[in-house]
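K.L.:
Listed here are the chains, written in short residue letters.
Protein chains: 4
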Amino acid sequence: MIDRDIIQEGNDVLFLLDTKRTFLIKIKKGEKLHTHKGFIQNEDLIGKKYGEKVLSSLGIEFVALKPTIYDYIKKARRSTQILYPKDIALIVTYSNIGPGSRVVEAGTGSGALTCALAHYVKPNGRVYSYEVRGEFLTKARKNLKKANVSEYVELKNEDITSGISESGVDAVILDLATPWLVIERAYEALRGSGCIVSFSPTIEQVVKTVIELENNEFVGIVTIESIMRKMKIKEGATRPETLMRGHSGYITYARKAFKKNQAMI
Amino acid sequence: MIDRDIIQEGNDVLFLLDTKRTFLIKIKKGEKLHTHKGFIQNEDLIGKKYGEKVLSSLGIEFVALKPTIYDYIKKARRSTQILYPKDIALIVTYSNIGPGSRVVEAGTGSGALTCALAHYVKPNGRVYSYEVRGEFLTKARKNLKKANVSEYVELKNEDITSGISESGVDAVILDLATPWLVIERAYEALRGSGCIVSFSPTIEQVVKTVIELENNEFVGIVTIESIMRKMKIKEGATRPETLMRGHSGYITYARKAFKKNQAMI
Amino acid sequence: MIDRDIIQEGNDVLFLLDTKRTFLIKIKKGEKLHTHKGFIQNEDLIGKKYGEKVLSSLGIEFVALKPTIYDYIKKARRSTQILYPKDIALIVTYSNIGPGSRVVEAGTGSGALTCALAHYVKPNGRVYSYEVRGEFLTKARKNLKKANVSEYVELKNEDITSGISESGVDAVILDLATPWLVIERAYEALRGSGCIVSFSPTIEQVVKTVIELENNEFVGIVTIESIMRKMKIKEGATRPETLMRGHSGYITYARKAFKKNQAMI
Amino acid sequence: MIDRDIIQEGNDVLFLLDTKRTFLIKIKKGEKLHTHKGFIQNEDLIGKKYGEKVLSSLGIEFVALKPTIYDYIKKARRSTQILYPKDIALIVTYSNIGPGSRVVEAGTGSGALTCALAHYVKPNGRVYSYEVRGEFLTKARKNLKKANVSEYVELKNEDITSGISESGVDAVILDLATPWLVIERAYEALRGSGCIVSFSPTIEQVVKTVIELENNEFVGIVTIESIMRKMKIKEGATRPETLMRGHSGYITYARKAFKKNQAMI
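Same order as they appear, the protein sequences are chains B, R, D and F. If you use the working numbering, the first sequence corresponds to residues 1 to 265, in order. If you use the working numbering, the second sequence corresponds to residues 266 to 530, in order. If you use the working numbering, the third sequence corresponds to residues 531 to 795, in order. If you use the working numbering, the fourth sequence corresponds to residues 796 to 1060, in order.
Derived from the structure by calculation, the hints contain no laboratory data. A hint or two may mislead.
[What the hints assert, rightly or not] FRET-style restraints, in silico, Cβ to Cβ:
1) R245(B) to E573(D): 41 to 51 Å
2) K790(D) to Q81(B): 56 to 66 Å
3) I476(R) to F23(B): 48 to 58 Å
4) E1030(F) to R663(D): 25 to 35 Å
5) T284(R) to R21(B): 25 to 35 Å
6) K1027(F) to E296(R): 38 to 48 Å
7) K28(B) to T403(R): 48 to 58 Å
8) K1027(F) to E479(R): 36 to 46 Å
9) G324(R) to E1009(F): 42 to 52 Å
10) G295(R) to R663(D): 56 to 66 Å
Glycine included, every Cβ here is placed at the ideal spot set by N, Cα and C.
Construct the entire structure; sequences and hints are all you get.
P.N.:
Here it is, written out as structure tokens:
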């Protein structure tokens, strides 16, 4: 039986130097991780426990951590702006997904949000992720594989504004430039009472999306913005950090109600 | 086979009047939901689909939604301040839990966070939730049952500062007045590389907790505060809402590294 | 010679019970200030120093403070939403006014911002304040008189969108529903290099105003929002306050450059 | 008579290229302003109006603005962190100063806040600014001279924790590492009802200062933090800016009440 606390060849390790400097690799015999603080022989890790400290060739201490799903996301190869954990956390929350959920997502982009969705719906749920640009799908496929969640995701090289082939899904999650063009399709794909969540950087995108949600009789429509502040905690010198990310985007969510002419008691 | 989209006797329904007014009940034949907008006969719902609209005795429209895990949390009977979805979302994110995780939590309080943890670790994971005050456990037990997640939770009427009986857990999550008193116990209970997340309203609690995390050689220590802003979206009158919750608490997270004398390559 | 530290008949006093409960009156012999903590005989104050403590008839301590300009503003009779000190402070800052400045303002509303502008331009500057609604002017006139700044203000019962009769002014300050309709008039009224500052609650107002500023070749256009957070400072229990004002409005400022066809080296 | 709208030799000009790139110089015949967008002959400006546009040697347009007090502050030579307009605005507001006020300030630092205070108290008020480090005073003196406010300021190379020689002042304003050591001195220097305002980056400084204010029977003690968000306003792409300054410091203000044993009705 495999002890998942023991590092094996082929396992992923996040080497942490400090809070801001980390390195994510797959352990391979004969390979070295090169850093500006010296190199680490991969081989030395095999048989050690996750959480142990290792010394680089320059005698600098690194901690060998087991990557979290957000470590994979942060290290994902990207060609687009990716979502931050603060936004992903709220998108996952408001979409109400969990183990077993069936979710439609668009666009896939670099697959960052896809990784998180897959993490929460596994092992029996499924993410259907639409992306019209083929080159993104290639990148997303690699990132999903690295994060070990490929099997829970179906990548679709299709334009979601032309249609969604799934039906009765638990949630539709949108992170694309024109979410308002997808609302009607999303309505059809969702189960009654299902959740739609849309992420947009600009306020005009939000206004258009909310109008379209209202036109389609979605209910419980709410738009929020999450602002995250890092604190510098040090006895006698505690304060919020000087620089912060001022804005990433707005999150709008709503739920599907059947239209009057469809079903009314 | 049961169609989970069709409302049956014994099912939970969230009746939504508007974004701010909702009513959560379990459907029972012969019972009525009484609201200031008229009553609704439970019986009329049976056989209908989640997402359908119903009219109250006064002809007011309600939508019959399937409750999300956060609906259960918001409707939980409480005797303490409960966590907000914005904080629960980040606690779940930073703890890196998912389907199958084993999590220690303290204190249980009204069981709000416990419900969310159970939702994400089910069906094979488990939440061990410590609460020293018996009257809270009684309330938490009811709230967990209502949210249909009791089977994934072990409620423990014990003082977590005296010890944690589980070991090798994936995450320890603290929402209590003196988290710094639990750090050493949490360290022992965690797997190498496991996550600890602590929520505290005051800055002095955070400073004490971070010092204790450092003393126990936790790594990757970060403290953040999440500020959530609701937006009022209306074409021609879009703006952030006038009143907002200014503060709930700080979230500190860190990961367990083995101490030097324990295991060093 | 009058010692302005000694309270005389006819002087204003702000009675402070605590940070949130204060009472502003003009001292008149024979009158009483009635509060839920007992009454205070005005007469007893005469000859005392500002800053002294007095006891009410119920033996409760009040501090007799000299009102600040913001105390007058907070106590102004209002029929409209008034600006907060946080916004007034930035409007004053960005307008670059100071002793001697000539300023155009619209609309007067209850005169809250007018009081602050008058305070900073006195004794040789002047505020020209436009208000189309006569009933507001009556109220504003009273508030300015109470704050002892009437002599620095010219109240004008005119519609600023129809024209500004002053020219060569140092600053134009707008707090009205349709600021974009005034930009061209403001341009004509301003000195070269002069400042325009506009306050608006909604984002659509801001977008329209900025477009109009750009069309009129204003330069250095910047829009900001000021968020103010009160802190609860108590050793061992320090934290931001739970409730905060989430939004009052956006402040846009810009400076007048001459148009190309007007004057170019 | 001098027309203050016409640029003369010896006048200051702020050349604005765009919102983020400006150049502040004193006009001298025979000199050039060199920028990466070409040079501008100072001489060409003489006789022109503030607000006119000029072309550099490379044909790039600059606007010749009259510097505001905040332009001088932003361009001040500094050796320390200087205050931002958002904080200066609130410090000026809460200190209740205006034309004619007498103000004690410490420490002078680079003189940024001193410039603003002088701007608002002129022409009859006075700023007494304490700074124990001589090299800072030299720099501050230059910055005050550049901003044309030297005559309203008395720079004092003294340690304010050893004593304040002024008395009956309207306000005491503190921006130093250990404000709590000055509270008792400030109390003695202030008029009854006078204002004290302290700016500190860390929460521990604030807690110590508030305790000392309470010990000295100051009243109306309030601590706030001002967070300023820049907006990117563009039709169809409106949003808060991505990066923002997350924290500069906390502002605490309070007012002097006489102590019980000093004067009680």
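K.L.:
Hints first: check each against the structure and report whether it holds.
P.N.:
Against the structure, the hints:
no. : hint                            : in the structure
1   : R245(B) to E573(D): 41 to 51 Å  : violated, 59 Å
2   : K790(D) to Q81(B): 56 to 66 Å   : violated, 38 Å
3   : I476(R) to F23(B): 48 to 58 Å   : violated, 28 Å
4   : E1030(F) to R663(D): 25 to 35 Å : holds, 31 Å
5   : T284(R) to R21(B): 25 to 35 Å   : violated, 43 Å
6   : K1027(F) to E296(R): 38 to 48 Å : violated, 54 Å
7   : K28(B) to T403(R): 48 to 58 Å   : holds, 54 Å
8   : K1027(F) to E479(R): 36 to 46 Å : holds, 39 Å
9   : G324(R) to E1009(F): 42 to 52 Å : violated, 59 Å
10  : G295(R) to R663(D): 56 to 66 Å  : holds, 59 Å
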